[in-house]
Amino acid sequence: MSDKHYRLGIDIGGTFTDLFVVDETTGETLSFKTPSVPSDPAQAVRNGVRILEEEHGIPAAQIGYFVHGTTLGLNTLLQRNGDRAGLLVTKGFRDVLEIGRLRLPDPTNYYVERIKPLIARHDVREIDERLGVDGRVITPLDLDAAEAAARDLLEAGATTLAIVFLHSYRNPAHEAALAAHLRKVFPSTYVCASHEVWPQQREYERGLVTAINAHIGDRMKHYYARLHDDMAEAGLTARLMTTKSNGGIMAAASAAEAPVETLLSGPASGAMGALMVGRSGGYDKLIGFDMGGTSVDVAIIDGDVLYSTESRIGDFPLIMPAVDISSIGAGGGSIAWLDASGILKVGPHSAGAMPGPAAYGHGGEKPTVTDAYVRIGLYAPDRVLGGGLRLDRAKAEAALQTIGGPMGLSTAEVAQGILDVTTANMFAQFMPLMARKGLDPRDFKLLAYGGAGAQHAFLLAREVGVDAVLVPASPGTLCAQGSLGADLRQDFIRTLPAHADAAALTNAWDALVAEGHAWLETQPERITAVEQQRSADMRYHGQSFDLTVPLPEGAAVSIDTLLTAFHAAYERIYGFSDPDALVEITNARVTVLGLIPRVDAVPRIAEATPGDRPQPRLKAPLIEDGVEVDAAFYDRATLKAGHVIDGPAVIEAPDTTIYLPGDFTAEVDAFGNLVGRLRGVTGAAEYSIAEASA
Amino acid sequence: MSPIKTSPVQLEIFRNRFQAIVEEMASVTLRTGFTVFVKETGDFGACLVAPTGEVLAAPTEAAVSLMVGLPGWEAIGAFDHYEEGDVCIANDPDTTRGLSTHLPDIWVWRPIFIEGEIIAFAFNFIHSSDVGGRVLGSITPVARDVWEEGLRIPPLKLIKAGVMNDDVVRLILLNCRIPDQNWGDIKAELASLTTAERRVKELAVRYGRAAVRDGIADLLSSAEERARKIIATIPDGRYSASDYMEIEVGVDRPIRIALTMEVRGDEILLDFTGSDLQVRAAFNLPTYGQPGHYMMSLAMLNYFRTLDPEIPYNSGLTRPMKMTIPQGTILNPDPGRAYGVRAATFIRVMDCIMACLAQALPEATPAASAGAIAIVLVSNMDMETGKRRITVAQPLTGGSGGRPAQDGVDGTSFTGGWLRNVPNEVLEAEMPLIVEEYGYATDSAAAGRLRGGAGIRFRMRNLQDGTALTARGLERFQFNAWGSHGGKAGANTQVVLNPGSDGARDLGQIDLVELKRGDRVEFVSPTGGGYGDPFQRPPAQVLADVMQGYVSPEAAQAFYGVVIADSAVDDAATEALRQGHEAATGTDMGAKRAAFERDWPEDVQAAMIAALLDRSAPQRDTLRGPLEAAILTETRAGNPPDRARIDALIDTLY
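The listed protein sequences derive, respectively, from chains A and B. Its first residue numbered 6, the first sequence is counted upward by one per residue in this note's numbering. Its first residue numbered 61, the second sequence is counted upward by one per residue in this note's numbering.
None of these hints come from the bench; they were simulated from the model. Careful: at least some of the hints might be erroneous.
What the hints assert, rightly or not - Capping the alpha-carbon separation at 27 Å, the derived lysine-lysine pairs in DSS-like fashion look like this: (1) B:K247 with B:K65; (2) B:K247 with B:K289; (3) A:K645 with A:K624; (4) A:K290 with A:K624; (5) B:K65 with B:K261; (6) A:K371 with B:K289; (7) B:K261 with B:K289; (8) B:K261 with A:K290; (9) B:K217 with A:K442; (10) A:K400 with A:K350; (11) B:K447 with B:K247; (12) B:K247 with B:K261; (13) B:K220 with B:K261; (14) A:K350 with B:K247; (15) A:K96 with B:K247; (16) A:K371 with A:K350; (17) A:K350 with B:K220; (18) A:K290 with A:K442; (19) A:K350 with B:K217; (20) A:K121 with A:K96; (21) B:K289 with B:K217; (22) B:K247 with A:K442; (23) A:K189 with A:K400; (24) A:K189 with A:K226.
What the hints assert, rightly or not - Which stretches of chain A does chain B cover? Using the computed rule of at least three CB atoms under 8 Å from a CB of chain B, they are: (25) 120-130; (26) 207-215; (27) 322-330; (28) 645-656.
Even for Gly, the Cβ is constructed at its ideal location relative to N, Cα and C.
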């Protein structure tokens, strides 16, 4: 037995840093939260490791595997307080970041603002060079002039440099030559070129990820260096791995080079955790529902985690493959208000963390969704939340009264109205996003996580036709847990020339697979196997929208197999296909995985003996669909595998509150997941008008 | 307004649910449509329509914002009977009386039955890349009547009780140059309608038929109520504005659009009397005088949404608007006219509404936007496949006007703000072109205390003989977007072949140009006006514009009175320049307008238009040219004719 038998997953969020530990030898797990330290993100990691040793007797030296995820890159981008980057761009394209894709965020609003580019116009210099679409040189690179331009930018105040040349995805020679030159001339300056970051055709989107990288790169590089030193000092000798937006992990050293790959790592790890929990319970179609203060993050698991090349981060589109996370603008802090006609609205404004909902007692006076939960009775009067917080019901009522008065409604009625409108808001955003993916919610179960997800998941489930909701055993630390189930993973792309044939595609695939294997060589973690997934972006001739089609697993590398897969995928998503039509292939893609030795990170819990029934800790009134009912309140820690609970009920845990409405029955499975099912539903029944009017 | 039966909570639930349905319809169309206009420029639409024909929900996130106000009743009323599973199709403006406004827009609609009752209709359109006619792409300004513009589809049942009418399909596809793409588009539209039907039925299951029916009526009423509340805040009064379109075909005199907006309490009357006669070119806007028509009301709808972003987005918003649109004018032409480029006319209508709002609400209304949306299209033969290919090069929409508290929007504006550009790397992959420049043009932004938005310069070099270039909708070569409160008027459009060479040539309002290998073409989009006296712009902001490259140091000095030396403001020199400056106020309509109206005083134009409208359409068409010549002669001689004199002139000519 190794003396380094613990695996540690850490997820650094804005408020809390979550730790999840698995003992490889016993399968025992441990999870807890410690406050984050925004001014020094590495500090929370050090604190966590100290708590592990002092309170749980797990010395740093016994940790053999360490994965960590951080929102540092994301927050730096969202707050735009990273480096002032300078941009060197092909002559004629100074405004590539300014213009973006031209469309206004809201074209109907006369006071709309264009999205402010990450690199200001005065920090852009045009460089004399030009390649053709086939990669041939039209205008040679003037290296001296380019160096002068870079010097000019640095002297004017830029601290990092981004290089974006047209068609560098086809021929990186000009970008590579300039990047190498600048790194030699300005050795302390962070320099990145677009073909290194993500070599895909589309100058704005490629330029944008390069600009992001230049904006956050230097800070991330220093952060990783600092963390590495701190860990060494604390006696933690495990190699530092970091989570990625694509649901995989990589060495921290790689992340310092391409921090843009970590931007969505938080929600991606949550999705990986959902996948892990789902697999343990035998569920392969899940909708991850992670509700926070201002929004709900939705992730889809359909056999595997769903990926997207059209993610958004704040104002910006992200074309690199990432776990498909959609954000719905409704959360526990969303503020309820009355519009000019006295219609009840919820959001998009949020009370945020400060002052937060009125019930927090931090000075918030506006009614929020959380205040509605409090008013309907989800929080027993004696309940103490994590961090010692008690919810103030009188303050919640006072806030609800501010809109109840004008509406002529009681606070209970207002609270019910707020929850109903919130559900409708979620519905309005959820259904189109499922449609865009060609998925029917009725085929899925909801998996609620994050602190707040389990309060609203059941309410949304029944509206969207989902008949079961799963709440994992540790919903509050699912991201940290998920990071322990991730593999080394890297994506590669090559844009193909027009009229690409089968040979062009397979050649590109071969080259990308070779690149992938070379990448794995740079990753220090031991792996059990290597996998590569080939896919291609395809479309019918004449369409201008691509579908990414994976070569079916185990299939021979053949264009016919791929074509069949394309027609089938098209049929599935759009309801029709045209096997006789000409198909174009625009991009070859390869994802390379280095599989990490598996460890069971989803432990089983004690089983109930026959006849053993769960005991509520109290019974209290709860308002449900506007009617006061008697609800049972349970302490989740007392529940055992096999226990069955009928709604209406509230299940309390330190990291979440589960609201099980009256039309659901829940069962606790062997892994401590609570699985609530809509009673009287035998399957995805077709809707019938006759039933409805009966 | 009928009393609202639905509770304020349930109404918000219904608003959300219907919005979800139309956004989903738009998503389905966007993902499955074939035509380049769908993907690259978002030129498609979807909506749900109440049984009365009013739009009850329309998407706001994808698609064009031209849905609310469509006369659904005309389409619905085209058949006296519907069965479950019917889908109707049409593209013809005349037989749909303004539902479609030009032939490339292929509309489909489908009734949604709940327990035997039609509770709503789903509508969808896609701008097809080609529906036949005299040119590829079907739109040409020189079309003289609608028959030259392609295949006309009157309201027909494409699917009858679930059974496809293959005869109709064959007839349609045979008359298009790109039948495969069109069939793909139509299938995308059908998928969108199917989605809508399923979702509305689910809604009825959830809440019951009667509640949904009431909810639809109440959503329309609540939008109406909200619109009335906003209108009530606009000072009562009559506000007038007019502006011009520079049509180079079919007419000699620029086309006049005139509007008097009368605000009375919570109602608005838009009276377009005085607007110009219909033309024998493709600029006629077939509104059929429909109240609240979507092409006439967008500026007002945007205004409502600007002040009240949460306002329900449906045709209830158009109920407080009354319109007078005399028949025989370019805004309500007789049947059979050509309509292809009617967007240019719609934009000028929007400009006139904004100009009236600027008088009524000077502190809330932006200066005029660029006033043109041009879509640059290129096409040529693909040497490998032997097929003709066509693609959007770039949309050119110009900058917006300066705004009461913000500079104008650079590079685009509110009329075409939904348009996406084309990645230049993708364009070069699809067409044998090199894009030499795509960016904001220095000194194109109109000067103002709040400056206008910058225009876009797009220059490309052609690499293959025979590449054809069209750019419909180019306008503002001579007239300018208005500056307000002392702001400067916007800049003009420029289109130059081989700029900087000996053979450089202004192309003007091009219909179709065939390029030789090596030819270069440069477009500079027009821009919106400035807001406020530029000499009152804080020097630090002028300096920032100079450092960012929006404004040259020379222009900073000439138009803003700010002297810049060594990347800093020369305070003393600036002070000296600004001291002698007389404060600029009022509206700057540009130099061309004043010159033009010396030849054509507004009252003379109005009298002539009124006189000709009293005649039959053929008389108008034949008399117009000689009458204009006669009037111009008299005006230039110092005797601008009045109505009586014009009637006398007509009698002489007739």
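Taking the hints in turn, this is what the structure says about them:
About 38 Å separates the Cα atoms of B:K247 and B:K65, which puts this hinted pair outside 27 Å; it is violated. Straight-line distance between C-alpha atoms of B:K247 and B:K289 comes to about 42 Å, which puts the hinted pair past the 27 Å bound. A threshold of 27 Å between alpha carbons decides the hint, and for A:K645 with A:K624 the separation of about 20 Å falls inside it, so the pair holds. The suggested pairing of A:K290 with A:K624 is violated, with an alpha-carbon distance near 34 Å, which exceeds 27 Å.
Restraint check for B:K65 and B:K261: the C-alpha separation of about 21 Å stays at or below 27 Å, so the hint holds. Distance restraint check for A:K371 and B:K289: the Cα-Cα separation of roughly 25 Å lies within the 27 Å cut-off, and the hinted pair is therefore satisfied. Restraint check: the Cα-Cα separation between B:K261 and B:K289 comes to about 33 Å, which exceeds 27 Å; the hinted pair is violated. Note on B:K261 and A:K290: the hinted pairing holds, with a Cα-Cα distance of about 25 Å set against a maximum of 27 Å.
Restraint check for B:K217 and A:K442: not satisfied, since their Cα atoms lie roughly 31 Å apart, outside the 27 Å limit. Between A:K400 and A:K350 the CA atoms are separated by roughly 20 Å; this keeps the pair inside 27 Å, and the hint holds. About 23 Å separates the Cα atoms of B:K447 and B:K247, which keeps this hinted pair within 27 Å; it holds. A distance of roughly 21 Å separates the Cα atoms of B:K247 and B:K261; the hinted pair therefore holds under the 27 Å criterion.
For the hint linking B:K220 to B:K261, the alpha-carbon distance of about 20 Å falls within 27 Å, and the restraint holds. A hinted pair counts as satisfied when its Cα atoms are at most 27 Å apart, and A:K350 with B:K247 does not qualify at roughly 37 Å. Only pairs whose Cα atoms come within 27 Å are accepted, and A:K96 paired with B:K247 is rejected, the gap being roughly 43 Å. Distance check on the hinted pair: A:K371 and A:K350 sit about 13 Å apart at the alpha-carbon level, within 27 Å; holds.
Taking the CA atoms of A:K350 and B:K220, the gap is near 41 Å; set against the 27 Å cutoff, the hint is violated. Our distance criterion of 27 Å between C-alpha atoms is met by A:K290 and A:K442, whose separation comes to about 14 Å. The hinted pair formed by A:K350 and B:K217 fails the criterion: a straight-line CA distance of about 41 Å is larger than 27 Å. For the hint pairing A:K121 with A:K96, the CA-to-CA distance comes to about 22 Å; that is within 27 Å, so the pair holds.
The straight-line distance between the Cα atoms of B:K289 and B:K217 is roughly 41 Å, outside the 27 Å bound, and the hint therefore fails. Proximity of B:K247 to A:K442 is assessed by CA-CA distance (about 18 Å); at most 27 Å being required, the pair is judged to hold. Our distance criterion of 27 Å between C-alpha atoms is broken by A:K189 and A:K400, whose separation comes to about 62 Å. At roughly 19 Å between alpha-carbon atoms, A:K189 and A:K226 fall within 27 Å of each other, so this suggested pair holds.
Counting residues of the segment 120-130 of chain A whose beta carbon lies closer than 8 Å to any beta carbon of chain B gives 3, which meets the minimum of three for the stated coverage. Counting residues of the segment 207-215 of chain A whose beta-carbon sits less than 8 Å from any beta-carbon of chain B gives 4, enough to reach three: the coverage restraint holds. For the segment 322-330 of chain A, the proposed coverage by chain B is not satisfied: 0 residues have a C-beta within less than 8 Å of a C-beta in that chain, short of the threshold of three. As drawn, the segment 645-656 of chain A meets chain B at 0 residues by the rule of a beta-carbon pair under 8 Å; below three, the given contact is violated.
The structure fails hints 1, 2, 4, 7, 9, 14, 15, 17, 19, 21, 23, 27, 28 (numbered hints given earlier, in ascending order).
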